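Peer 1: From first to last, the protein sequence lines are chains A and B.
Counted the way this note's numbering counts, the first sequence spans residues 1 to 447.
Counted the way this note's numbering counts, the second sequence spans residues 448 to 894.
No lab work stands behind these hints: they were computed from the structure.
None of these values were measured; they are calculated from a predicted model.
Just so you know, even glycine gets a beta-carbon here, dropped at the ideal spot from N, CA and C.
This list has only true hints and no planted wrong ones.
Okay, the calculated bits of chain A under chain B, using three or more residues with CB under 8 Å as the criterion:
# : region
1 : 19 to 30
2 : 106 to 114
3 : 200 to 207
Looking from chain B toward chain A, a few residues come up when the C-beta cut is under 10 Å (computed):
#  : residue
4  : D482
5  : T525
6  : F551
7  : G558
8  : S564
9  : S612
10 : D621
11 : D741
There are 2 protein chains.
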Amino acid sequence: MSRQLKLGAVLMGVGGPGDHDTWRHPEIPGDASVDIRWYAERARQAEAALFDLVFIVDSQFITPDSPPHYLNRLEPLTLLSALAVSTTNIGLVGTLTTSYNSPFNLARRLGSLDLISGGRAGWNVVATGDGGTAANYSRDEHFDYAARYGRALESVRVCQGLWDSYEDDAFPRDVATGRFVDPDKQHRLDHVGEHFSVRGPLNISRSKQGRPVIFQAGDSEEGRDLGASVGEGIFTHAPTVEAGVAFARDIKDRARAKGRNENEIVIMPGVTPWIADTDAEARAAEEHFRNGRDFAKNLAQFGRPFGWHDFGRYDLDAPFPDLGDLGKDSFRTQAERIKQVARDERLTLRQTVQRFTAATPAPFVGTPRTVADRIQEWFEAGALDGLNIHITVPSVFARFTDEVLPILRERGVVRDRYEADTLRGNLGLPIPENVHTAARRRTPVPA
Amino acid sequence: MSRQLKLGAVLMGVGGPGDHDTWRHPEIPGDASVDIRWYAERARQAEAALFDLVFIVDSQFITPDSPPHYLNRLEPLTLLSALAVSTTNIGLVGTLTTSYNSPFNLARRLGSLDLISGGRAGWNVVATGDGGTAANYSRDEHFDYAARYGRALESVRVCQGLWDSYEDDAFPRDVATGRFVDPDKQHRLDHVGEHFSVRGPLNISRSKQGRPVIFQAGDSEEGRDLGASVGEGIFTHAPTVEAGVAFARDIKDRARAKGRNENEIVIMPGVTPWIADTDAEARAAEEHFRNGRDFAKNLAQFGRPFGWHDFGRYDLDAPFPDLGDLGKDSFRTQAERIKQVARDERLTLRQTVQRFTAATPAPFVGTPRTVADRIQEWFEAGALDGLNIHITVPSVFARFTDEVLPILRERGVVRDRYEADTLRGNLGLPIPENVHTAARRRTPVPA
Ligand SMILES: Cc1cc2nc3c(=O)[nH]c(=O)nc-3n(C[C@H](O)[C@H](O)[C@H](O)COP(=O)(O)O)c2cc1C
Ligand SMILES: Cc1cc2nc3c(=O)[nH]c(=O)nc-3n(C[C@H](O)[C@H](O)[C@H](O)COP(=O)(O)O)c2cc1C
Chain A
1 MSRQLKLGAV LMGVGGPGDH DTWRHPEIPG DASVDIRWYA ERARQAEAAL FDLVFIVDSQ
61 FITPDSPPHY LNRLEPLTLL SALAVSTTNI GLVGTLTTSY NSPFNLARRL GSLDLISGGR
121 AGWNVVATGD GGTAANYSRD EHFDYAARYG RALESVRVCQ GLWDSYEDDA FPRDVATGRF
181 VDPDKQHRLD HVGEHFSVRG PLNISRSKQG RPVIFQAGDS EEGRDLGASV GEGIFTHAPT
241 VEAGVAFARD IKDRARAKGR NENEIVIMPG VTPWIADTDA EARAAEEHFR NGRDFAKNLA
301 QFGRPFGWHD FGRYDLDAPF PDLGDLGKDS FRTQAERIKQ VARDERLTLR QTVQRFTAAT
361 PAPFVGTPRT VADRIQEWFE AGALDGLNIH ITVPSVFARF TDEVLPILRE RGVVRDRYEA
421 DTLRGNLGLP IPENVHTAAR RRTPVPA
Chain B
448 MSRQLKLGAV LMGVGGPGDH DTWRHPEIPG DASVDIRWYA ERARQAEAAL FDLVFIVDSQ
508 FITPDSPPHY LNRLEPLTLL SALAVSTTNI GLVGTLTTSY NSPFNLARRL GSLDLISGGR
568 AGWNVVATGD GGTAANYSRD EHFDYAARYG RALESVRVCQ GLWDSYEDDA FPRDVATGRF
628 VDPDKQHRLD HVGEHFSVRG PLNISRSKQG RPVIFQAGDS EEGRDLGASV GEGIFTHAPT
688 VEAGVAFARD IKDRARAKGR NENEIVIMPG VTPWIADTDA EARAAEEHFR NGRDFAKNLA
748 QFGRPFGWHD FGRYDLDAPF PDLGDLGKDS FRTQAERIKQ VARDERLTLR QTVQRFTAAT
808 PAPFVGTPRT VADRIQEWFE AGALDGLNIH ITVPSVFARF TDEVLPILRE RGVVRDRYEA
868 DTLRGNLGLP IPENVHTAAR RRTPVPA
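Construct the entire structure; sequences and hints are all you get.
Peer 2: Here's what the structure looks like:
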């Protein structure tokens with residue numbers, strides 16, 4: 001079968017119930033961000049539409065100005081475990097930071113989700129952008145980029161090693177002889193690295209997909225290198241088809257240079273489609289959504305990449321202020337891009353805020369056919385391998401699943417049934433062989 | 448209503464499917480310890496019998512000699528979240544160590560479980576006995592007792608503070624005005640302590656039981672003090688009714704000395720009942736279970752409290768060896784008790800192993816009526832407020848729920864319907880008032 005478009009659903013994403021004003025919508029309960037039934041219903045809606053995965057974002061640092069779903073949110077892995085028993089085929093991808101978690105704990109929690117879900121777990125590896133998070137974890141300062149991404153790479157490698165603690169035939173469980181475990185197939189890791197020392201073994205066996213799928217999100221040089229080194233899925237933004245193609249090329253070139261097979265990386269930008277009976281209506285609705293947000297809230301939110309800098313202190317209609325290297329240890333890539341655009345286009349602060357608080361890139365807006373055409377065009381151009389759809393109001397998402405997807409299905413662009421009941425199986429990713437089994441295969445015991 | 452006996456179910460406990468040889472029993476799947484369906488069925492069995500809670504034990508350090516459920520186990524909080532959506536009234540208590548977790552993470556995960564379950568979460572606070580765990584977390588050595596229990600107490604206080612980050616009316620979610628949060632009702636913690644600094648606020652609101660219920664397990668002086676300071680439930684062992692009464696008195700005296708109300712502490716020893724048609728048959732079955740275990744496995748397991756000391760090196764029939772202070776930083780209380788008994792009773796190593804690897808204290812063995820009588824006697828003597836029943840094979844547990852409990856129900860000793868759908872409600876514990884709301888009540892804003 002030819003390559004098909006992969007689909008993720010961001011259950012509490014940009015423009016969704018947890019966004020600034022969307023909770024006022026009649027279809028959305030005010031406490032949706034902490035209501036497990038809301039998530040379970042959306043996950044089932046996505047599963048019924050044969051999505052590959054649901055995606056849970058995360059953050060830990062808040063101020064009173066944070067958007068609703070930041071203020072009050074379920075922890076991703078407890079949330080996903082509950083969804084594991086409410087669904088059967090859809091993948092379950094949770095965001096967990098390597099800056100404020102120990103790899104042994106990460107490996108356990110993700111390995112446990114992978115077993116509970118029968119091989120549907122994925123991990124969105126992030127390094128935490130909000131520097132203020134440090135103060136919740138007994139640190140005066142956030143890690144700098146080198147440490148953040150150094151910890152991230154080392155954490156992923158440690159987790160992958162721990163997930164191979166048991167070979168797949170480590171448990172004979174032979175009732176007749178009483179032999180439960182084969183001690184030769186339980187392995188310590190004995191990792192000693194720059195950031196962590198981890199002995200192992202992990203007290204958990206592999207699921208039927210071998211290991212949770214590694215996703216990565218973070219667009220800096222360091223972030224792209226991490227994705228190219230270990231990412232099997234990449235979450236990103238793609239404002240234009242050209243930018244998407246360039247980003248995908250860059251990631252896949254880097255991966256090839258590291259000796260990886262570029263076909264084993266699925267690039268999935270996040271998008272918020274807007275669908276209506278005519279293109280003009282859809283554009284108006286999207287426009288309304290983007291501009292309808294309260295400017296004061298946007299201004300507060302705008303400070304986030306700069307370490308929640310207070311922009312209320314500047315003249316809104318003066319040129320964008322000179323901020324030096326503000327943001328270098330929080331969301332540096334985003335902060336630098338904003339400064340650059342403001343400088344290049346000589347924007348005022350107000351104009352800059354308006355430009356960058358547009359909640360979504362606008363390309364996937366129009367009639368079902370327009371949106372289907374646009375998706376197919378981007379997909380065929382190589383700007384993406386999949387889409388991560390931000391769920392807004394359920395009925396808008398339903399227009400996507402019930403009107404856009406059937407067109408793409410008809411054209412063979414998306415699946416018409418699940419190929420597998422594991423996340424790897426549906427994403428077309430190989431099941432990694434256990435490293436110890438592979439070593440045993442390469443150097444067989446002399447007869 | 449007069450005080451009633453509380454009931455917990457240890458889903459993977461001593462004598463259960465994860466114990467050394469029990470996995471060979473035809474009613475138990477060999478992979479029960481990682482099979483979510485097994486846990487869900489047992490939880491529903493306990494809920495149908497109106498149990499207060501299910502209890503998940505934990506450990507993180509393994510060798511090839513560890514019992515099956517140690518070798519391969521689900522992480523407690525991911526496991527309990529899945530159970531949260533498979534049950535409606537039963538409490539969900541998970542063991543999490545304060546030695547290898549950050550309090551902010553603990554508060555989040557437990558707070559999230561508490562919301563997902565609608566106020567049924569409990570936390571069994573432990574400080575990790577297996578010193579080898581340290582090597583999984585980048586440490587050369589385990590913490591000593593002072594640090595272990597110092598961290599434990601400080602972690603609980605920090606979590607309780609974080610759980611009060613939002614007052615109960617912090618979210619007006621007023622659709623008309625667009626006011627989602629009341630910023631005056633979101634609170635930082637700004638904790639700076641001996642072991643942790645935690646700024647807060649936590650990004651999660653309180654459940655309808657206010658805060659997760661704090662359980663404690665650990666019998667040393669330091670452990671008892673922790674239980675008396677913050678424990679609302681105490682898990683323990685009670686070999687005899689006298690020992691149980693003495694332990695309960697000691698905990699409640701300590702709690703009163705700290706200014707607490709002793710009626711707000713529920714003491715629940717773990718027990719493994721054996722039930723048969725005659726007392727003699729039940730005793731024989733229990734005897735068979737205790738002695739049927741493989742001596743070599745018992746010997747390996749016996750080393751655990753002494754830091755997995757290898758006892759295979761000693762003469763089994765010589766007097767119990769002099770071990771100095773071996774075990775002082777692992778399970779000190781248990782290690783010292785074993786040394787003392789071996790010395791006082793002049794036991795050989797073999798005799799000591801036999802004595803202490805009896806998997807269970809034997810009092811709750813007999814016909815349904817014998818077991819019901821014994822439970823009532825211990826309860827009325829003040830040796831316990833509840834029982835934590837180790838589930839062995841499902842049909843044996845069914846004899847407990849279907850034959851012992853009806854006798855106790857008839858006598859008014861156990862409930863005949865759930866009083867509440869929160870764990871606090873069923874345990875008869877008060878909902879703690881939010882500390883900030885309380886402060887506001889005490890010093891009202893002048894009109
Ligand atoms: C599409 C996308 C989604 C992300 N989602 C999260 C998230 O949910 N939680 C989080 O802490 N960071 C998230 N990140 C942030 C990154 O982990 C990173 O810390 C931040 O973007 C700064 O790093 P960078 O300069 O490499 O992008 C996301 C980044 C991107 C590009
Ligand atoms: C009844 C009981 C149950 C316990 N359950 C656990 C457990 O599931 N996981 C764990 O790490 N420790 C558990 N502990 C161990 C304690 O946390 C403690 O580390 C150990 O007992 C040594 O401390 P102590 O000398 O204070 O008892 C338990 C202790 C008792 C008494």
